[in-house]
Amino acid sequence: MNSTCARSRISRGGTTDRPAGAVRPAGAEVARSGFGFRVGHRDDDHSGREPGGNCYACHQMDPNETTYGTLGPSLKNYGKIRGNSEPIVNYTYEVIYSPHAYFPCTHMPRFGNNGVLTQKQISDVLAYLLDPESPVNQ
1 MNSTCARSRI SRGGTTDRPA GAVRPAGAEV ARSGFGFRVG HRDDDHSGRE
51 PGGNCYACHQ MDPNETTYGT LGPSLKNYGK IRGNSEPIVN YTYEVIYSPH
101 AYFPCTHMPR FGNNGVLTQK QISDVLAYLL DPESPVNQ
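Taking the working numbering, the leading residue of the sequence shown gets 1, the next gets one more, and so forth.
Just so you know, the hints here were simulated from the structure itself, not pulled from any lab data. By construction, the Cβ of each residue, glycine as well, lies at the ideal position given by its N, Cα and C atoms. Among the hints, erroneous ones may be present.
[What the hints assert, rightly or not] No farther apart than 20 angstroms at their CA atoms in a straight line, the calculated lysine to aspartate or glutamate pairs in the EDC-like style are these: (1) Lys80 - Glu65; (2) Lys120 - Glu65; (3) Lys120 - Glu50.
[As the list claims (entries may be wrong)] Derived Cβ-Cβ restraints for the label pairs, each shown as a range: (4) Thr106 - Ser85: 22 to 28 angstroms; (5) Ser85 - Phe35: 29 to 35 angstroms; (6) Gln138 - Arg49: 27 to 33 angstroms; (7) Ile81 - Phe103: 27 to 33 angstroms; (8) Asn113 - Pro63: 26 to 32 angstroms.
Please work from the sequences and hints to get the whole structure.
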C-alpha cells in the first residue's frame, strides 16, 4: 500500500470540482455508483465509465443518505471515531483492497485485489471515510 498516496488524497479531501461551490467528495461518487461488472442482458461497457464500489448496498456512510444496506457494518462517523493516523489509513486501505486478509468469511468483494477499483478510487473512498470534513464524519 502506498500510504503517501492515500495520505495525500485525505489531506486534499478527495474532492472533485463542482460548479457554484457544490463540492462533493469523489469518494462519495465511487461509494454510490453501482456501475460495473454486471452480466446478463447487457454486460457493462467500462470503456466510457469506471466501475463504482456500490458501498451503500451494504454500509451506511453519510448520515444524510436515506437508503443503504445493513449486511456490512455502519461506517457513519468512521474517521471521527478512528481518526486518520497512518495505521488507520493503512488498515482501511487494506480492508478495501482485500478484505479477506482480515475477515476470511466476509461477503465484501476484494475491490483492489480483483481490479474492481483503481488505486485512485480507493484513495477517494479513504478520503470520504477519514477526512474530518467529509459528510461521513458530520
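Hint by hint, here is what the structure shows:
For the hint pairing Lys80 with Glu65, the CA-to-CA distance comes to about 17 angstroms; that is within 20 angstroms, so the pair holds. For the proposed pair Lys120 and Glu65, the alpha carbon gap of about 23 angstroms is over 20 angstroms, so the pair is violated. Between Lys120 and Glu50, the direct Cα distance comes to roughly 11 angstroms. Compliance with the 20 angstroms bound is thereby established for this hinted pair. Between Thr106 and Ser85 the beta carbon distance is about 24 angstroms. The supplied range of 22 to 28 angstroms therefore holds.
Range check, Ser85 to Phe35: about 33 angstroms between beta-carbon atoms, so the 29 to 35 angstroms window is met. Range check, Gln138 to Arg49: about 29 angstroms between beta-carbon atoms, so the 27 to 33 angstroms window is met. In this structure, Ile81 and Phe103 break the distance hint of 27 to 33 angstroms, their C-beta atoms being roughly 19 angstroms apart. A C-beta distance of roughly 30 angstroms is found between Asn113 and Pro63, which places it inside the suggested range of 26 to 32 angstroms.
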